[in-house]
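Since the structure of chain H is already known, use the hints to place chains A and D on it.
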Amino acid sequence: MLGPVVAGLWGTFLPAFGHLPAAGITGPSLDPFRYLFDWAGLPRAMMLSITTGLIATGVSLLIVMLITAGWSGTRPFRLLERLLSPLLSVPHAAAAFGLAFLIAPSGWLSRLVSPGLTGWDRPPDLLIIQDSWGLTMTAGLIIKEVPFLLLITLAALGQADAQRSVAISQALGYGRLTGWLKTVFPRVYAQIRPPIYVVLAYSMSVVDVAVILGPNTPPSLSVQIVKWMSDPDLAMRLEGAAGALLQLLLVIGALVLWRLGEIAAGIIGRRWIMTGRRGRFDAVTAQIALGLGAACALAVLLGVVVLTIWSFAGYWGFPDALPDQLTWRNWMRHGPGTLEALGETALIASVVALAALILTIGCLEAEYRYGLHISQRGIWLLYLPLLIPQTAFLPGLQTLMLGLGADVGRGPVMLAHLVFVLPYVFLSLADPFRAWDTRMGTIAAALRSSPNGVLWRVRLPMLLRPVLTALAVGLAVSVGQYLPTLLIGGGRVATLTTEAVALASGGDRRAIGVYGLMQTGAALIPFALALLVPAMVWRNRKGLRHG
Amino acid sequence: MDKGLSLRDVTISKGGPPLLSVNHNIGPGEVLTVMGPSGVGKSTLLAFITGTLAPDFQAMGEVLLDGHDITHAAPHQRRVGILFQDDLLFPHLSVGANLAFGLQPGGTTEARRDKVNEALAEVGLTGFADRDPATLSGGQKARVALMRMLLSEPCGLLLDEPFSRLDATLRAQVRDMVFDRAKARSLPVLMVTHDADDARAAGGAIITLGD
Amino acid sequence: MMKHLAVLAALLAPLPALADPDPANWDTVKAEAEGQTVYWNAWGGSTTTNDFIAWVGDRVAEDYGVTLEHVKLTDTADAVTRVLSEKQAGENDDGAIDMIWINGANFAAMKEADLLFGPYAEQLPNWSVVDAEGKTVQTDFTVPTEGYESPWAMAQVVFVHDTADMPDRLGSMQALLEWAQANPGRFSYPQPPDFLGTTFLKQVLVDILPDPSVLEVAATDETYDAVTEPLWAYLDALTPNLWREGKAYPATGTAMFPLIADGEIDLSISFSPGAASTAIANSELPPTVRTFVLDKGTIGNASFVAIPYNSGSKAGAMIVANFLMSPEAQARAQDPEILGYGTVLNMDALSDADRAVFEGLDLGVATLSPAELGTVQAEPHPSWMTRIADDWMTRYGVAQ
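Residue numbers (our numbering), protein chains in the order written: chain H, -4 to 542; chain A, -18 to 192; chain D, 260 to 659.
Just so you know, the hints here were simulated from the structure itself, not pulled from any lab data.
Don't take each hint at face value.
[Said to hold, decoys possible] Listed next, with one range per pair, are the computed distances between beta-carbon atoms:
(1) A:Gly119 <-> H:Thr69: 30 to 36 Å
(2) A:Arg146 <-> H:Leu167: 29 to 35 Å
(3) H:Gly(-2) <-> A:Glu134: 26 to 32 Å
(4) D:Ala423 <-> H:Val1: 58 to 64 Å
(5) A:Gly87 <-> H:Trp451: 15 to 21 Å
[To be verified] If you want a taste of the chain A side facing chain H, the calculated C-beta under 8 Å gives, among others:
(6) Thr31
(7) Pro36
(8) Pro56
(9) Phe65
(10) His73
(11) Gly77
(12) Gly83
(13) Asp113
(14) Pro114
(15) Ala115
(16) Met130
(17) Ser133
Backbone N, C-alpha and C define an ideal beta-carbon position, used for all residues, glycine too.
Next comes chain H alone, as it looks inside the complex:
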């Protein structure tokens, strides 16, 4: 899967140094960078990229760690976990729209308390959506990254023997939260480091969320790169390529910065552990963290609710808390369009997710049969496509594919999706697949079942739920892909996500509601099925109820 990434980077690298023979421009030259640095918006665009990435990652991580530290194993934690897991599959674009409809000056929250509490009979002139600092965009990322990091952390907790460590530190007089941070956190962090880096790289270079919630005067670097790349003036493409390389450098720089931060945190942490402080503010901190976590969950949840309301809304003036009337009109109007997009989305997602699942099972099964081990370095390789900003290699890939005469359309889009879907499917299935008791395999072989028989008759049925979950993850990731669909599809491939983001510029909240809801459904329903189907199939099998 590294092939397309490397090829795409090469396709970005050449034009960045003024080499685009197809356009009759040959390099090398530094002009693209000269033009890039001449752009007055560059400092702010770069700043936006860096601050959004670092703040979104830092805050999400902090919230997740404090919640887990303060609450893991308790009832509120399980509740939050159950609330957040389905939210993970809500596509970024839908969550961003939901947030916008919630917190804008004319948003639902403002409507609910106006004019009663605020006295506003018209929305205040406040720069909340598209604010110059990108804070709303950062918030939009945080509400999506918190569920992601929380689930990743949960997976890591299982291997960290957390319960007993916390019990021992509590016996030594440490608060629950402090005890967790001092004993479990270092182990858990080491395990979740790759996904954290993914979150950082993603947050720095996200396009769809930035288009919906981010500022435009200037936009973040990634959005500007996409603008340059679609300018009719070819010279702009060179500038875009230079910008893409800069984006890549920024991400690498931020990753290095983060690594240095880890080292510093390690030193400070060890000193903190040596002080022997037992944690005086544990209770308060834990409460705040839980509140923030709940706020994230609520933001996504209410966002989906407000999308639903808008999709059924007739006239809805400010500051009415609800529309004058609810109507099917919006659905009648956009129904046919969404169904078409849904078909395209479902086709692409199912082919890609299935392909990713087959590849993943093939890999894991080969690993099992031939006793191979994927090293830590191998894991990083797997994460690499997720660590390289999409804006850095997708435009290059598009240019290359055109140059090769590869027709745009569904096939190439599926391939591009696979690059992003495969790692997630693999990461989702690898742990449960490896955790399967291999003695089951030995027993089955001793019962004279061939390796394929073991796989099909024992291993996969037992792993039905994780397999379906991995499939659902693959579907959700594919459904949410914006940039690969847009750039590689050449505009001909219209999925729910590209259609929804395209609507952002028109501002028709009813249409956005319909498309956003369909998009959410397309990602969410497979998850529901992944839970329901095994529960139904294995309803008489107690031994599989928790597996």
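Then chains A and D, alone, in the frame of chain H:
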């Protein structure tokens, strides 16, 4: 043709000095007990015989079963049965389906069902075919696991600490049942354990590793 | 931009001489078009337009067996890029795009770079009913169309105001500035380089210049600074009084409707005289909304469709282009319940029955009659727009 399970100059190592060396012939109906503290490589020996040795081990020597050299055969073609300390019944299959899994292909559905019911009756579990294995007691599970293994008609039987999860009263009962069935079928048995009672009950030769 | 395209065009291999359909031989075109699929790349941000295009698709499928696929764009420039990339890649016979909704700079660029099929527009059967005399359908931003694009809608700048909050019309751009200063945060315009956003800038320039005729010829380094200086002075005064103090702008014209509906702004701009009435009908705008034009008139132009040189379905595309100019499609487009776009047809050239359909249309409460729309001011030469948009982005697009 030599009946039984022969280990000829079997030596297993992990990139260093040998972990264990065994040279022994187990006749039909005989039991060889391999003893030693945990971590000494007892289970590694069984993995070598079943063909599931992890690749970071190096093994030399040969394994012969009823005169056939099975050292390099695929695990599912060796006809070596194994029981672990856990019953390892397949949780997604009913008790009957677990037993049928061991049964070789062929025969009518009727005939197969009869064989499964016979096997259940043999260990006093008549009428359990449709049960979810997770609802069985420890002793019942152990019996199903044994019968499943025997239905696959193995030519040799390996026991990996097979009784250590059972409580004292059940233990003797299950142990006797396993050894009785093995003797009745004239199977060579290789048992790995760290329990002296098991070794004594087996009544065969004893090799102690890790001295 | 034009310079690069010209260089590019010169470097590329000459176009292959394909047997393109001849629009003058309409029966052959019809025969060839049957069964073809036409990918129409058109801005997809407006649901009413999307619905209209879907209807066109149904109709041409019914009458001519042509399948119409609407490729929804956020920016028409994407389609131009696409054709350009295909030309580089040597895809000269069956490109991804068969028809583009196009205007102004994008048209000028494509025409200059020989990326368009034509001339075809004036050979289409329905050209005979088009009002070529009275409407600006043969020039596009001062660039002669020469049959390389065919018109399908007339647009003219109107200002949209909510009379509940802002009862009176404004007569000039100077009056608009004064009103904005008295009512800060109540006006905005789409962010350039959005089409409507740059149109607003041109409207300012055309209205505040004592003699806007300097804009008819290409901007030069000598004329540009002096001519645009009053524009920047105007915007410097206006920007702090804009919605969000000019730190954020609506992305497009339709994005301003919810702002009016919510009462965030009282005044906005539209390029479609009937759009406000349509939006009221769709409950996207309150019924108190009305429109007005300036005393000296406002800028107007036609919307066109063009066919890329490498379309594999040129006959099908011409069928669609011709259908768009038919009385049936034009009357539907003008219906405020549907689109509310101005027609490009000459009422006098129509049959009595067709004319009656137009006269029977209720244009809607917020739509000005042709007489009220007054003088149409010509679009400046596209070179002005390109430079002004670039300068705007440097001055206001990267907020200080």
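Violating hint indices (sorted, rising): 3, 11
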